[in-house]
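If you want the building blocks of each chain, they are given just below.
2 protein chains.
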Amino acid sequence: MSSRRQITGFSNPTVKYLRACAKHRKAAGKFLAEGLRLLTDAREMGHIPELLAMATARDPHPLLDALQADVLAAGGEVIEMGAELLAKVTGKDNPQAVCAVYAEFDTSLAALDRSKAKIWLVAQALRDPGNLGTMLRTGDAVGAGGLILIDDCADPFSVEAVRASMGAVFTQKVAQARWDEFLPWLRAGQGQLVAASLRDAVPYRGAPYQAPCFILVGNESRGLPEDYELACDLRVTMPMKGRADSLNAAVAGAVLAYEVLAVLDSSNLSKT
Amino acid sequence: MSSRRQITGFSNPTVKYLRACAKHRKAAGKFLAEGLRLLTDAREMGHIPELLAMATARDPHPLLDALQADVLAAGGEVIEMGAELLAKVTGKDNPQAVCAVYAEFDTSLAALDRSKAKIWLVAQALRDPGNLGTMLRTGDAVGAGGLILIDDCADPFSVEAVRASMGAVFTQKVAQARWDEFLPWLRAGQGQLVAASLRDAVPYRGAPYQAPCFILVGNESRGLPEDYELACDLRVTMPMKGRADSLNAAVAGAVLAYEVLAVLDSSNLSKT
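If you read the sequences in order, they're chains A and B.
Quick note, the first sequence lines up with residues 28 to 299 if you use my numbering.
Quick note, the second sequence lines up with residues 28 to 299 if you use my numbering.
Wrong hints could be hidden among the right ones.
If chains are identical, the list can't say which one is meant, so a pair holds when it fits in one copy or spans any two.
What the hints assert, rightly or not - Derived DSSO-like pairs: lysine-lysine, alpha-carbon spacing no greater than 27 Å straight-line:
| # | residue 1 | residue 2 |
| --- | --- | --- |
| 1 | Lys268 | Lys43 |
| 2 | Lys268 | Lys143 |
| 3 | Lys50 | Lys115 |
| 4 | Lys115 | Lys143 |
| 5 | Lys143 | Lys43 |
| 6 | Lys268 | Lys115 |
| 7 | Lys143 | Lys50 |
None of these hints come from the bench; they were simulated from the model.
Just so it is clear, the structure is predicted and the values come from calculations on it, not from any experiment.
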């Protein structure tokens with residue numbers, strides 16, 4: 028079997044496999060990412076896909092050539108298919124001309140090194156893959172180490188989450204754990220657990236954040252369980268000037284993360 | 028015809044009408060909102076729906092009774108239908124037991140009173156209805172006056188945007204305008220136009236924001252056109268510590284809006 032093939036039929040096993048990866052069926056342990064920019068980011072972070080699928084009619088690009096070469100050198104497969112077929116794989120109206128299959132990463136807490144970053148994002152029962160991907164993207168922007176997913180969250184390797192992460196799924200660590208695994212892990216080392224809350228909380232602006240700071244965000248509709256909030260080292264409130272009593276989960280995490288970044292950076296400055 | 032009816036068939040004209048409103052077909056000038064909490068928020072803001080649709084099997088609730096009474100008193104219609112039929116109306120897996128049809132609001136710039144708020148959000152070519160609704164929700168939280176949609180944005184009255192706004196579509200003003208209408212309108216009165224930018228920009232933290240401050244956010248993939256950026260009174264940069272060079276549009280707007288709020292509030296304090 029050649030490592031470069033052309034595919035034309037929708038019922039082709041490789042097309043079925045790609046669709047399964049797009050849905051990230053757990054059994055496969057693989058996930059799909061789309062777009063030359065994202066795939067190039069992944070490559071520069073050392074992630075070479077096992078399978079690269081390209082539209083037959085596409086604009087030539089040196090980065091795509093480099094990616095192909097790396098895939099073939101690593102023993103992977105490169106396939107070509109019509110744009111229509113590729114669109115069906117990813118289920119997107121406006122498909123990218125290239126997508127690729129990666130092996131899922133290790134998402135155990137044991138794989139995290141908390142000393143690597145001053146900020147870590149933590150989400151509890153986050154259900155929306157778009158919010159999850161957005162949190163990864165925000166984590167990349169604030170220099171976070173990664174995103175820890177507590178309890179029953181959306182799938183970080185679903186095509187929607189990968190898409191919303193804009194490549195940050197390759198730069199941020201992702202861990203998945205139950206609360207009763209996470210809390211002992213956290214307490215076994217340094218780490219300040221912070222949540223936005225209305226309960227016995229201080230203003231979020233200029234609060235005494237400490238690195239490594241773990242910013243905990245709750246479920247989109249229910250927020251955090253009471254005992255999770257009470258387990259936090261610091262509870263902060265954000266201004267809510269209108270009728271609503273909460274922000275979108277990814278937005279709340281981002282506003283808080285940027286505040287933590289500013290406070291930690293200024294406390295570094297004042298020490299020098 | 029009674030103003031209270033029971034509906035059982037999917038082909039019923041009222042069901043078709045509800046589905047059209049969910050998609051916010053412009054010709055109808057109507058839009059659909061779901062959920063008792065959101066509908067109650069709307070009611071408390073003085074918005075009574077023209078049509079209220081409820082699942083036949085639902086939990087009784089005094090707020091739902093109050094809503095029904097208001098709809099009937101205002102000459103509107105109340106209908107009941109099976110939960111399955113209601114789910115088909117809104118196209119959501121986990122449907123709310125109640126939804127309602129409202130007349131679209133006036134979205135002309137002329138309907139805005141800029142003196143009513145210190146912060147206004149402005150989005151250019153924002154394509155994702157979830158981002159749009161999230162910006163409305165953030166606007167409510169920071170006490171913004173409303174959201175101005177520039178050029179070809181997603182539909183603020185689509186069911187996705189209304190859903191993501193969590194009711195803020197009823198508390199925030201929404202305006203729609205072309206750039207060449209917006210800029211003269213802005214310049215005809217007080218107003219500082221601010222955008223996140225890499226061009227000749229100052230750090231966003233503690234920047235000299237002035238009320239009324241108009242926070243401009245660009246398209247999800249292309250950002251702002253160069254000439255739009257150049258027309259701004261203030262360009263600010265946010266830290267980007269990772270590989271990505273931008274944030275999700277709704278996240279960028281929120282981080283900036285909370286910073287503007289903090290700066291404006293502290294400058295008020297220093298004046299007194």
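Hints and how they fare:
In the homo-oligomer, the alpha carbons of Lys268 and Lys43 never lie at most 27 Å apart, since the shortest distance is 50 Å inside one protomer and 38 Å across protomers. Proximity of Lys268 to Lys143 under the C-alpha cut-off of 27 Å is restricted to the inter-copy arrangement: shortest distance 14 Å between copies versus 37 Å within a copy. In this assembly of identical chains, the alpha carbons of Lys50 and Lys115 lie at most 27 Å apart whether taken from the same copy (12 Å) or from different copies (24 Å). For a Cα distance limit of 27 Å, the shortest separation of Lys115 from Lys143 qualifies neither inside one copy, at 40 Å, nor across copies, at 48 Å.
Taking the closest pair of Cα atoms, Lys143 and Lys43 never come within 27 Å of each other, the shortest separation being 39 Å inside a single copy and 56 Å across copies. Taking the shortest alpha-carbon separations for Lys268 and Lys115, neither the intra-copy value of 44 Å nor the inter-copy value of 35 Å comes in at or below 27 Å. Within a single copy, Lys143 and Lys50 get their C-alpha atoms no closer than 31 Å, and across copies no closer than 47 Å, so neither meets the 27 Å cut-off.
Checked against the numbered hints above, the structure breaks hints 1, 4, 5, 6, 7 and satisfies the rest.
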